[in-house]
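Chains R and C supply the protein sequences, listed in that same order. Position one of the first sequence corresponds to residue 18 (our numbering), numbered consecutively onward. Position one of the second sequence corresponds to residue 24 (our numbering), numbered consecutively onward.
No lab work stands behind these hints: they were computed from the structure. Quick reminder that beta carbons are idealized off the backbone N, C-alpha and C, glycines included. Warning: the hint list may mix true and false statements.
Unchecked claim - Among chain C residues calculated to face chain R with C-beta under 8 Å, some are:
id, residue
1, Ala143
2, Gly145
3, Asp149
4, Ala156
5, Thr157
6, Met164
7, Gly174
8, Thr176
9, Ser177
10, Asn210
11, Pro261
12, Leu267
13, Leu269
14, Gly313
15, Val376
16, Asp380
Said to hold, decoys possible - Stretches of chain R that chain C covers, calculated by requiring three or more beta carbons in the stretch to come under 8 Å of a beta carbon on chain C:
id, region
17, 23 to 29
18, 78 to 84
19, 96 to 102
20, 109 to 121
Stated by the list, open to error - Heads up, simulated SDA-like pairs for lysine to any residue below, C-alpha to C-alpha not over 20 Å straight-line:
id, chain 1, residue 1, chain 2, residue 2
21, R, Lys45, R, Lys124
22, C, Lys93, C, Ala49
23, C, Lys317, C, Thr136
24, R, Lys45, C, Glu147
25, R, Lys124, C, Glu238
26, R, Lys23, R, Lys106
27, R, Lys23, C, Gly77
28, R, Lys45, R, Asp117
29, R, Lys24, C, Thr157
30, C, Lys265, R, Lys24
31, C, Lys46, C, Gln155
32, R, Lys134, R, Gly96
33, R, Lys134, C, Arg262
34, C, Lys265, R, Cys68
35, R, Lys45, C, Glu369
36, R, Lys106, C, Glu369
37, R, Lys92, C, Ile209
38, R, Lys92, C, Lys317
39, C, Lys293, C, Glu369
40, C, Lys265, R, Lys134
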Amino acid sequence: MDTTAKKYPAPEGNPETKEYWEAAKNGKLLFKRCTACNEPHYFPRSICPFCFSDQTVWEESSGEAEIYTFSLMRKSASGPYAIGYVTLKEGPSLLTNFVDCDMATLKIGQKVKVVFKPTDGAPLAFFTPV
Amino acid sequence: MSIKGKAYLAGIYEHPTRHAPDKSTAQLHAECARGALADAGLTKHDIDGYICAGDAPGGVMAMADYMGLKVRHLDSTETGGCSYIIALGHAAEAINAGKASIVLVTLAGKPRTGAMPPRAVGPEVDFEAAYQATTHNIYGMCALRHMHDYGTTSEQLAWVKVAASHHAQYNPHAMLKDVVTVEDVINSPMISDPLHRLDCCVVSDGGGAIIVTSEEIARSLKQPLVRMIGHGEALKGPRGGKDLDLTYSAGVWSGPTAFAEAGVKPSDMKYASIYDSFTITVIMQLEDIGFCEKGQGGKFVADGNLISGVGKLPWNTDGGGLCNNHPVNRGGMTKILEAVRQLRGEAHPKVQVPNCDLAVVHGTGGLLGVRHAASTAILERV
């Protein structure tokens, strides 16, 4: 199914996440890593959700990931869509939708990669099978 | 310090309506409050504590003012459908500390008549909202991963609905009174894989209320004595995306906390009210609070094991959210109400558990596969 025409809401952004959205405009997926405990996390926070250190830094993800789980919503106002969690090669898992694919063939464990879709603001990260 | 045995459920009320286009939401709250007061044999002026959650229009201040309550203890902890089970614990804490003596808790709303108020958004909004998480697809994601990891089947999920329907046939207020089969469930339309239409609870207007009080006051009132002997509450979320595991819930913490405080085991329970937002929710919760090993929930519910008079664990004998009602898409309150009916011996005779003296009430709220809370209460007939 063609999902390219779908309209996505623009992220509002805030001072804490500004860098993430700037990178997204350049097609880069960022996550945060804590330099105190070395744990990566997503979505990005200025203070580490694991050790509560404020020594967190931005890191660029390879965009490579694996499907943890998903569900195909058969009906919605904007048509069927597939929501899921992916686990990035770098560790953190995140919520997303799967696009530019035959949604009926999605599988847990399948390799996917990030693809950005435009909004009226910064683009949003989606995933598609490789 | 423990709340074991410190709080008694002296009054309960379930609104009979399932569709209320002719009433306001605040009115439904007040009607539920009146019903619970009448059940307890108390008046509005006796209330000195009030708890409501996100369904209360305008929140605790607006609703207390609307009903003309003068109270010295307020709480509006909002954790979706399990808010009312959490409220039970908070009411007990207040009573135990002498901060309140008669606490009213209300729930009401009209999702069947009109749109629900928008869900509050948190700091994750920019990173999640565009992906259109709904209850159906979030619980669908939990179910799919549970099937993947443990071999749980659609037929096992269906048994939860079958049990609910067996109970609902005796409830004159139930929205869905027809007994269904496993085949009916798995042949119903797919909503969000792998959940079929009959894996989902109903959408209903309505509400309910409870009156929680001290032992001394409860003994002076007219109802059979039902008290809480254990309580737990917990939260779980993706926590920065580390070690994501959607096959278990915060029930793994709230359940053992409640059972430990009560000094009883899941196998001691004569009856269980477990929030059934979807069939998968029940399977996961039975595992998480200790009725079976993780991954064995599907086998546990199969072959009618949750049907009163048939299986080992009589569950949601009013028909639950899957068949009876689901006021404001929040199932915690109605779970408390049916457990109290069972402990009083006031459930429908066809589903009443003989000599029901120990029951568990458990529910989750929020979105199970994203951010949710869980709460567990152990109730005892004195």
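>> Could you work out which of the previously given hints the structure breaks and list their numbers from low to high?
In response: Violated hints (numbers, rising): 1, 2, 7, 8, 9, 10, 14, 15, 16, 18, 21, 23, 25, 26, 27, 30, 31, 33, 35, 36, 38 and 40; every other hint is consistent with the structure.
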